[in-house]
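*Asks:* Each chain, written out:
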Amino acid sequence: MLVAGVDVGNSTTEVAFARLEPGREPTFLLVVRAETTGAKGSAASAVGARALLERGARRIGEMPRRILLAELHPVETDLVEERHEHDLALGRTAIARPGSTTPGGAGCAVGTLRALAELAGEPRDTTIAVTWDADFDHVGEQLRAARERGWAITGVIVASDDGVLIANRFDRTIPVVDEVADASGLPLGARAAIEVAPAGDTVVELSDPLRIAVLLGLDPAEARSARDAARALAGERSAIVVLRATPPAATRTESAATSAPDDALDVFRVPLPAPRDDATLHLRMRQRTVTGVATLRAIAADDLAGLLGAEVVGPEWLAATLGAATTPGAGSTPFVLDLGGGTVDAHRDGSAVALAGAGTLVTRICGGLLNAPPLVAERAKRLRTARVETPFVLHHEDATRTFLTAPSPPETVGRLCLVEPGGLVPLRAAIAPEVWGALRRDAKRLVLGANARRAIERIGGAPAGELVVLAGGCASDPEVVAAVSAALADLDLAVARADVLGVHGPRAAVAVGLVRAFAGRR
Amino acid sequence: MVHALLADPDVSRSIAAAFEEEGVPVTIAHEAEGEALTLARRAAASAPGLVGIGADGTTIIVVLAAAPGRAYLEADIADARAVARSAARIIARRPLVDLPRPPVEAS
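Listed in order, the protein sequences are those of chains A and B.
Each residue of the first sequence is one higher than the last, beginning at 1 in the numbering used here.
Each residue of the second sequence is one higher than the last, beginning at 523 in the numbering used here.
Bound conformation, chain A alone (with noise of 0.2 angstroms):
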């Protein structure tokens, strides 16, 4: 008879085929799988379940003559972004904004800020010139004739990409600060202050907010108000905080935080990962943080069984020490962490909690590590990075180089990219492989190794030397079983990755695991 086994997880549905002898262990002849439709045990999840149990019968040739269903205890994820740079309050500074990685001249530099137009005029207070002329020889032959009729010139904001060329031609010793886009939209008039760091330096006057407060005259209560803008600052290499020329009638706007659901079973918090060894860099990561939230969901796994036309034959964490048991070398597998899309669920004899914040949190911190679409971002969680230093010469994350025979695309030189099977993929970010691959096991040790850790807790723990096996798509990746492992390490567990009838890895093990329970049945 044939049958199988349908695991409808939060992220990926899979279904393992069996045909089923009397007095003989079942013989496994396919496992498929698919991301999930929809909320888990939804009619909308029932729909991807039943195509890809047609599917699989399809290659198999045969419909299956029972459809087997663990019980569900379907939880929901949502993940929320609780606050983005964008919220800063600058207070009195209108604007904090970095400028170009190659600016000209050096220093940092207070003034009224005026186009270069007006300078043709008589000469006024300390101006900050800003400029959006195309041409660097002009623009250099008119600062060096306004200041010899009188113009005390501190800096010099360009809208192109000039910055060298205008201090070469007009004065190396004041900063001028380039590529500023809406050089012709900043409020002329106002009091501004930019700097330029040395080549290889970051800026140090405007990343202070006591500095920021000296050089634009803001009172002590100003001056705290003045953080965000300092730190928006830090770590650049050139900078622009323009003054407000009234105060905000608002003070500090910063978005509420997420409050998490009546009903929410788990919450969990997780703020960015940040380098340990880069102040600056984990300053502006501190900024940001990321909130997972689970809520129950009451959809009874019965539902989903009279839409397939399956019957429950049992628990889930039954099924999942039963499928995890197929791993070769464990014997039983009295505990499982099966670590999936939006829960790290774990199983032992009798009982499973379900814990919120696993795969798909990860993937958001990375998203918002690297500034990178989700799609990128899951792709960033797995894939080992380098930095493209020449056409021909990669960084990796160990620090080593390897040479390429054919040039790498003019788009990845100089930048991170993701080492795809198909080639170098850029990514925004401008952060070292050594740094980003630290970053990237962060996030897996604080969701991943936190959660594992608290399951096995929640659970009522784990005997010294029990075997825990890592099931769920998660597993798969050996950064993760590294940081599970790194998080139960005091436990003294024997913690392995399962490999489901020894050829599906850390996959499938509820389905095979309800195949094997219902062949127990009979």
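The set of hints was computed from the structure by calculation and includes no laboratory data.
Predicted model only: the values in this text are computed from it and were never measured.
The C-beta atom is built at its ideal place from N, Cα and C for all residues, glycine as well.
Incorrect hints may have been included.
[Stated by the list, open to error] Output of the computed footprint for chain B on chain A, the stretches with three or more beta carbons under 8 angstroms from beta carbons of chain B:
hint : stretch
1    : 385-394
2    : 411-423
3    : 439-446
We have chain A already, so just place chain B on it with the hints.
*Replies:* Just chain B, lined up with the frame of chain A:
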């Protein structure tokens, strides 16, 4: 670090400006004639940074000495400054930005 051989003297200022802005040394020489790809290959072969630029009246090309078979960057001569900036950034190991699209070949 980079050599540029130009059959079009008008782009000399754009190329020099791009390298000055990036702080990368360049030597510029003029040729009476020649196609951009040929000039770029010759320039790359003699450049200490193994990157060469060639330009004729219509096209600007960057060739890497280690892969001289084809243009690494190619654009209309109107984009000479952007292409030169990218050539400088290869040497400076900075990301190449605003990469110009190669000219569309007539079918």
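*Asks:* It remains to establish, for every hint, whether it holds in the given structure.
*Replies:* Each hint, compared with the structure:
no. : hint    : result
1   : 385-394 : holds (count 4)
2   : 411-423 : holds (count 4)
3   : 439-446 : violated (count 0)
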